[in-house]
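J.: Kindly generate the complete structure, drawing on both the sequences and the hints.
Heads up: the sequence lines are chains A and B, in that order. At the far end of the first sequence sits residue 604, using this note's numbering, and the numbering has no gaps. At the far end of the second sequence sits residue 353, using this note's numbering, and the numbering has no gaps.
Derived from the structure by calculation, the hints contain no laboratory data. Hints are supplied without guarantee of correctness; some may be wrong.
To spell it out: a stretch of chain B is covered by chain A in this simulated footprint if at least three of its residues, at any positions, have a beta carbon under 8 Å from a beta carbon of chain A; those stretches are [what the hints assert, rightly or not]:
#1 286 to 294
#2 335 to 342
Listed below are the simulated EDC-like cross-link pairs for lysine to aspartate or glutamate, each with C-alpha atoms no more than 20 Å apart in a straight line [as the list claims (entries may be wrong)]:
#3 K310/B x D425/A
#4 K372/A x E397/A
#5 K310/B x D514/A
#6 K529/A x E555/A
#7 K580/A x E483/A
#8 K580/A x E507/A
Here are a few chain A residues that sit away from chain B, every Cβ distance over 12 Å (derived from the structure) [what the hints assert, rightly or not]:
#9 M371
#10 H403
#11 Q411
#12 Q484
As the structure is a prediction and not an experimental result, all values here were calculated from the model. Heads up, the beta-carbon is just placed ideally off N, CA and C, and yes, glycines get one too.
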Amino acid sequence: MKFGVIVFPGSNCDLDAYYLIRDILREPVEYIHYNEESIKQCDVIILPGGFTYGDYLRSGAIARFSPIMSAVTDFAGRGGAILGICNGFQVLTESGLLPGALYRNNHLQFRCEQVFVRVENNSLPFTRSASLGKVLEMPVAHGDGSYYAPPELLYVMEKNNQIVFRYTDADGNVTPAANPNGSIENIAGVCNSRGNVIGMMPHPERAGEKLLGSRHGLIIFKSIISYFQNREVV
Amino acid sequence: MVLDPQGAAVKNSLKALGYEDVSQVRVGKYIELTIEAPGREDASARVDEMSRRLLSNPVIEDFSYTLEEAGV
Numbered sequence: 371m372k373f374g375v376i377v378f379p380g381s382n383c384d385l386d387a388y389y390l391i392r393d394i395l396r397e398p399v400e401y402i403h404y405n406e407e408s409i410k411q412c413d414v415i416i417l418p419g420g421f422t423y424g425d426y427l428r429s430g431a432i433a434r435f436s437p438i439m440s441a442v443t444d445f446a447g448r449g450g451a452i453l454g455i456c457n458g459f460q461v462l463t464e465s466g467l468l469p470g471a472l473y474r475n476n477h478l479q480f481r482c483e484q485v486f487v488r489v490e491n492n493s494l495p496f497t498r499s500a501s502l503g504k505v506l507e508m509p510v511a512h513g514d515g516s517y518y519a520p521p522e523l524l525y526v527m528e529k530n531n532q533i534v535f536r537y538t539d540a541d542g543n544v545t546p547a548a549n550p551n552g553s554i555e556n557i558a559g560v561c562n563s564r565g566n567v568i569g570m571m572p573h574p575e576r577a578g579e580k581l582l583g584s585r586h587g588l589i590i591f592k593s594i595i596s597y598f599q600n601r602e603v604v
Numbered sequence: 282m283v284l285d286p287q288g289a290a291v292k293n294s295l296k297a298l299g300y301e302d303v304s305q306v307r308v309g310k311y312i313e314l315t316i317e318a319p320g321r322e323d324a325s326a327r328v329d330e331m332s333r334r335l336l337s338n339p340v341i342e343d344f345s346y347t348l349e350e351a352g353v
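T.: Written out as structure tokens, the structure is:
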């Protein structure tokens with residue numbers, strides 16, 4: 371299996387994702403330029419963090435019309451595995467591949483800090499190696515991370531098990547203090563109804579080494595790797 | 282609209298300056314477009330489409346627009 375990391379103008383966590391996959395996990399990975407029209411032979415697509423197009427208009431709003439996004443949308447439609455991290459999550463909500471929207475943090479501050487998130491759905495390709503309710507420590511770094519979905523949509527998402535991560539304290543309790551940005555119901559990550567597209571504000575690719583304070587991000591990448599290993603055996 | 286942290290911050294600041302009579306503040310975006318169109322209806326249809334596709338996000342934003350004829 372092979373990872374593809376999309377590089378938009380203004381992406382800045384593309385290197386972090388590439389480095390983690392190549393040097394820590396030792397898996398095949400390549401960059402895919404936003405101007406390309408194919409995701410090549412990649413099995414997993416990462417939309418990295420950053421500030422695509424300067425976050426002008428709205429975060430992710432302009433990147434979603436990049437040439438590569440047609441291929442990414444086709445890939446999603448075929449059930450391809452896609453992970454959007456931070457700005458990548460914003461690109462996915464703007465493009466309609468994920469429900470809801472990400473809005474300005476409720477306190478208007480840019481937050482760069484370690485947070486805890488609880489795994490709410492461990493049946494997905496990207497979460498299958500985590501136990502349900504597992505608390506993961508990872509950094510966030512964003513100004514527009516307040517997740518919002520209207521009540522009727524939220525209801526459907528809850529029913530479909532599309533809430534993947536919630537911000538919690540270190541013990542896994544959902545509290546207002548553990549919410550770094552005002553996200554509705556402490557939501558930190560969601561998936562589409564099929565479960566093959568997932569977006570999250572915290573950065574698993576920056577939590578892959580002890581030196582960085584946490585290795586919990588590896589569980590996301592190891593999940594998808596094991597998903598493909600099991601699939602290849604079958 | 283439920284979400285307007287900027288409006289809330291501006292309102293608090295106005296209150297701090299003594300403008301207690303302000304009950305609500307909304308901060309939004311103002312976008313000026315210059316477009317060429319054969320008539321008002323065409324211009325309106327184009328602006329409406331652009332607003333829905335790119336200029337606004339219907340999950341968190343509403344939009345409205347007015348048209349003005351530019352001098353030739």
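J.: Three residues minimum, CB to CB under 8 Å: does the segment 286 to 294 of chain B make the cut for coverage by chain A? Let me know.
T.: holds (count 3)
J.: Would the pair K310/B and D514/A pass a check requiring their Cα atoms to be no farther apart than 20 Å?
T.: Holds, because 16 Å separates the two Cα atoms, which is no more than 20 Å.
J.: Holds or violated: are the alpha carbons of K529/A and E555/A at most 20 Å from each other?
T.: It holds: about 14 Å lies between the C-alpha atoms, which stays within 20 Å.
J.: Do the alpha carbons of K580/A and E483/A lie within 20 Å of each other, as the hint requires?
T.: Holds: K580/A and E483/A sit about 16 Å apart, inside 20 Å.
J.: Does the alpha-carbon distance linking K372/A and E397/A stay inside the 20 Å limit?
T.: 7 Å, holds
J.: Has the given pair, K310/B with D425/A, been kept, meaning a C-alpha gap of at most 20 Å?
T.: 14 Å, holds
J.: Can we trust that M371/A is non-interface, i.e. its beta-carbon lies farther than 12 Å from all of chain B?
T.: Answer for M371/A: holds, closest chain B Cβ roughly 33 Å.
J.: Check the hint pairing K580/A with E507/A against an upper bound of 20 Å on the C-alpha distance.
T.: Distance ~12 Å between K580/A and E507/A Cα, so the pair holds.
J.: Would you say H403/A is clear of chain B, with no C-beta pair closer than or equal to 12 Å?
T.: Non-interface label on H403/A holds, nearest chain B Cβ at 22 Å vs cutoff 12 Å.
J.: Taking 12 Å as the cut and beta carbons as the points, is Q411/A off the interface with chain B?
T.: 31 Å, holds
J.: Just double-check Q484/A for me: nearest Cβ-Cβ distance to chain B has to come out over 12 Å.
T.: 23 Å, holds
J.: At a Cβ distance under 8 Å, does chain A reach at least three residues of the segment 335 to 342 of chain B?
T.: holds (count 5)
The structure agrees with every numbered hint stated previously.
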